[in-house]
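Going down the list, the sequences are from chains G and X. Counting with numbering that gives the first Met the number 0, you get residues 0 to 216 for the letters of the first sequence. Counting with numbering that gives the first Met the number 0, you get residues 0 to 216 for the letters of the second sequence.
Quick caveat, the hints were computed from the structure, so don't treat them as lab data. Check before you lean on any hint, since a few could be wrong.
A pair counts as met if it fits within one copy or between any two copies, since identical chains are not told apart.
[As the list claims (entries may be wrong)] Below, computed lysine-lysine pairings styled on BS3-like, alpha-carbon distance capped at 30 Å:
1. K8 - K143
2. K118 - K154
3. K118 - K143
4. K143 - K154
5. K154 - K3
6. K154 - K12
7. K118 - K12
8. K118 - K3
9. K143 - K3
There are 2 protein chains.
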Amino acid sequence: MFEKTERTKIARKPDRGRYDRETVHAIIDEALYCHVGIVVNERPVVIPTAHWRQGDRLYMHGSRVSRLIEAMAAGADICVTITLLDGLVLARSGFHHSMNYRSVVIFGQAAPIEGRRAKLAAMRAFMERIAPGRWDELRPPTGKEIAATGIVALKLDEASAKVRAGPPADDEADYAHPVWAGVVPVTESLGEPVPDPSLAPGIALPAYLGRRTGAKG
Amino acid sequence: MFEKTERTKIARKPDRGRYDRETVHAIIDEALYCHVGIVVNERPVVIPTAHWRQGDRLYMHGSRVSRLIEAMAAGADICVTITLLDGLVLARSGFHHSMNYRSVVIFGQAAPIEGRRAKLAAMRAFMERIAPGRWDELRPPTGKEIAATGIVALKLDEASAKVRAGPPADDEADYAHPVWAGVVPVTESLGEPVPDPSLAPGIALPAYLGRRTGAKG
Numbered sequence: 000m001f002e003k004t005e006r007t008k009i010a011r012k013p014d015r016g017r018y019d020r021e022t023v024h025a026i027i028d029e030a031l032y033c034h035v036g037i038v039v040n041e042r043p044v045v046i047p048t049a050h051w052r053q054g055d056r057l058y059m060h061g062s063r064v065s066r067l068i069e070a071m072a073a074g075a076d077i078c079v080t081i082t083l084l085d086g087l088v089l090a091r092s093g094f095h096h097s098m099n100y101r102s103v104v105i106f107g108q109a110a111p112i113e114g115r116r117a118k119l120a121a122m123r124a125f126m127e128r129i130a131p132g133r134w135d136e137l138r139p140p141t142g143k144e145i146a147a148t149g150i151v152a153l154k155l156d157e158a159s160a161k162v163r164a165g166p167p168a169d170d171e172a173d174y175a176h177p178v179w180a181g182v183v184p185v186t187e188s189l190g191e192p193v194p195d196p197s198l199a200p201g202i203a204l205p206a207y208l209g210r211r212t213g214a215k216g
Numbered sequence: 000m001f002e003k004t005e006r007t008k009i010a011r012k013p014d015r016g017r018y019d020r021e022t023v024h025a026i027i028d029e030a031l032y033c034h035v036g037i038v039v040n041e042r043p044v045v046i047p048t049a050h051w052r053q054g055d056r057l058y059m060h061g062s063r064v065s066r067l068i069e070a071m072a073a074g075a076d077i078c079v080t081i082t083l084l085d086g087l088v089l090a091r092s093g094f095h096h097s098m099n100y101r102s103v104v105i106f107g108q109a110a111p112i113e114g115r116r117a118k119l120a121a122m123r124a125f126m127e128r129i130a131p132g133r134w135d136e137l138r139p140p141t142g143k144e145i146a147a148t149g150i151v152a153l154k155l156d157e158a159s160a161k162v163r164a165g166p167p168a169d170d171e172a173d174y175a176h177p178v179w180a181g182v183v184p185v186t187e188s189l190g191e192p193v194p195d196p197s198l199a200p201g202i203a204l205p206a207y208l209g210r211r212t213g214a215k216g
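Chain G with its partners taken away, still in its complex shape (with noise of 0.2 Å):
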């Protein structure tokens, strides 16, 4: 469980808040790309990059000299949000339409991964995650490569989630009103890959890519 924190307390619809690890890992598993938020000039910038999970830390990477992977290495204060979308919520007044929605807040610290092996570690756990034994089938990274790309971790100590789940929550008077009312469900889906037009004929598409999307391999 996840020590409640003046920051990470769910004070609005407190009974949607969930502080164990296993929910906060299985959000941060099933998304795709996370908002960091951080604050620069007093002022705060949200910006939308990959992410993914090593055990207790939440990675992320890009240019070694981009503005965010900068800020972090140096030990910004960042927050980290993740969303996934479940569903609208339709109700029989207004006021009680809502989403259906796992969120995840994270607070803290980014620290640099230092190092070819620890960084190359890193970025293997990363393609991993997205095609599992690609990485082997690629051209290896080269040195400059590899120096060019800034990977950070942020420790999951501050850290809560946040769900919403099911058919509406009307006013028990409401519940006479004649309108159609429930839950339209949205779903985010890896479609038929699409090969790169400049892909060398007799190149299959490879099986982890067929598992995941449903397509042949």
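Given the structure of chain G, go ahead and fit chain X onto it with the hints provided.
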């Protein structure tokens, strides 16, 4: 066109920057939610919330006494970021792996929407966006509900979009490397509406949901 400012000018991969209103509006209108960054005690906080657009303003709402709505209504500096993930870009080297996406970043200060008539018009506009025609079918809002709802609008003055599309951009020498390369599309879609278990018998799925999701009305 939006004027490029120090904050909105795309520094990394400047060729991905878009500053025309048409692109910015289209991304805002397609997305169902955004991430809002604010500064609290000199540290960043990023919260997901629903949004809609009316003309050159981005609207958000919530409980009038939520911390986010209170801060926005009081004129806090905010950064609103909207991200649509379109695909995973699988290149021949790890280094050139990427994602296809469309994102918008907006900086500014929101202003509260005050008064019963203005708030009702904004709520109706939000519902029209999700489910055209539904507003008039609902149990009408009470004065208490209208008073409890906080609505803010952020003028689209300082905004830009960033877009990546298309196949991987590999190093010239890597096109001969025998690994599958291409794009795995990612799409967010609405599913078959799920009626509230408490829905009274005989209430049909409204046409506006059938049209939107492809299900039968």
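Going through the hints against the structure:
1. Only between protomers do K8 and K143 lie at most 30 Å apart by alpha-carbon distance; the minimum there is 27 Å, versus 43 Å within a single protomer.
2. In this assembly of identical chains, K118 and K154 lie within 30 Å of each other by CA distance solely inside one copy; the values are 17 Å within and 42 Å between copies.
3. When the C-alpha separation of K118 and K143 is checked against a cutoff of 30 Å, the pair qualifies only within one copy, where the shortest distance is 12 Å, while the shortest distance between copies is 56 Å.
4. In this assembly of identical chains, the alpha carbons of K143 and K154 lie at most 30 Å apart only when taken from the same copy (27 Å versus 43 Å across copies).
5. Proximity of K154 and K3 under a CA criterion of 30 Å is satisfied intra-copy only: 16 Å inside one chain copy versus 35 Å between copies.
6. Proximity of K154 to K12 under the C-alpha cut-off of 30 Å is found in both arrangements, the shortest distances being 26 Å within a copy and 29 Å between copies.
7. For a Cα distance limit of 30 Å, the shortest separation of K118 from K12 across copies, 23 Å, qualifies, whereas the shortest one inside one copy, 40 Å, does not.
8. When the C-alpha separation of K118 and K3 is checked against a cutoff of 30 Å, the pair qualifies neither within a copy, at 32 Å, nor between copies, at 35 Å.
9. Taking identical chains as interchangeable, the C-alpha atoms of K143 and K3 are never at most 30 Å apart, the minima being 42 Å within one chain and 32 Å between chains.
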